[in-house]
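These protein sequence lines map, in sequence, to chains E and U. So the first sequence is residues 6 to 118, counted in the working numbering. So the second sequence is residues 128 to 238, counted in the working numbering.
Each hint can be trusted.
Dumping the calculated DSS-like pairs for lysine-lysine here, alpha-carbon to alpha-carbon at most 27 angstroms: (1) E:LYS63 with U:LYS169; (2) U:LYS169 with U:LYS184; (3) E:LYS47 with U:LYS184; (4) E:LYS10 with E:LYS73; (5) E:LYS76 with U:LYS169; (6) E:LYS115 with E:LYS47; (7) E:LYS20 with E:LYS63; (8) U:LYS210 with E:LYS47; (9) E:LYS115 with U:LYS169; (10) U:LYS205 with U:LYS169; (11) E:LYS115 with E:LYS62; (12) E:LYS20 with E:LYS115; (13) E:LYS20 with E:LYS62; (14) U:LYS169 with E:LYS10; (15) U:LYS205 with U:LYS184; (16) E:LYS62 with E:LYS10; (17) E:LYS115 with E:LYS63; (18) U:LYS205 with E:LYS47; (19) E:LYS62 with U:LYS169; (20) U:LYS169 with E:LYS73; (21) E:LYS47 with U:LYS169; (22) E:LYS10 with U:LYS184; (23) E:LYS10 with E:LYS47; (24) U:LYS210 with U:LYS184; (25) E:LYS76 with E:LYS62.
Quick caveat, the hints were computed from the structure, so don't treat them as lab data. The model shown is predicted, which means the values in this text are computed figures rather than measured ones.
What follows is the residue order along each chain.
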Amino acid sequence: QQQVKQSPQSLIVQKGGISIINCAYENTAFDYFPWYQQFPGKGPALLIAIRPDVSEKKEGRFTISFNKSAKQFSLHIMDSQPGDSATYFCAALPLSGTYKYIFGTGTRLKVLA
Amino acid sequence: EPEVTQTPSHQVTQMGQEVILRCVPISNHLYFYWYRQILGQKVEFLVSFYNNEISEKSEIFDDQFSVERPDGSNFTLKIRSTKLEDSAMYFCASSEAGGYTFGSGTRLTVV
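Isolated chain E, as found in the complex:
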């Protein structure tokens, strides 16, 4: 069964610090790895995504690092701000032709002012 394991479950970071959330997948049949940000009462919103042919992608304060051999990818939030406090989900899209995402279990991030 295809799974994406996400850690930690919750994270508290001081303002200005670096938030790091990790995900690992169990087989190689994924083609696209997005991260979603969800605020309370809202739907998940695409934050940043990467394909397995690159090892890193940066957009502003958000960076995805991708390690294909280890089957791991992580989200780094630099200079974390209280407004970044949200739940973050990693996801993976299988190669099989379906567009059904496999989501991680989520990380609740709190950035202290």
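Given chain E, work out where chain U should sit, using these hints.
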């Protein structure tokens, strides 16, 4: 920016009643999805819909669930006989291919 619209935002229903959750996907998107999220838990796939038919469904999507695209713009999820464990946030999403846009969700509470 185009968005996916879901109504109602919150629905309370008696156990055993039928509910219909409505979604208006982004107009040029071809793929439609329903996901659900039980409070504090991960986002779970229910069903995907393409070319006016179900393309994939999960084990959760049993005979009490159905989807429809009745008029070319709306995309609905019907739960025929709700159970307490159906209480969750239900998210509609649409995509051209790959990248999803999610709606804000419908919070379904079954009492």
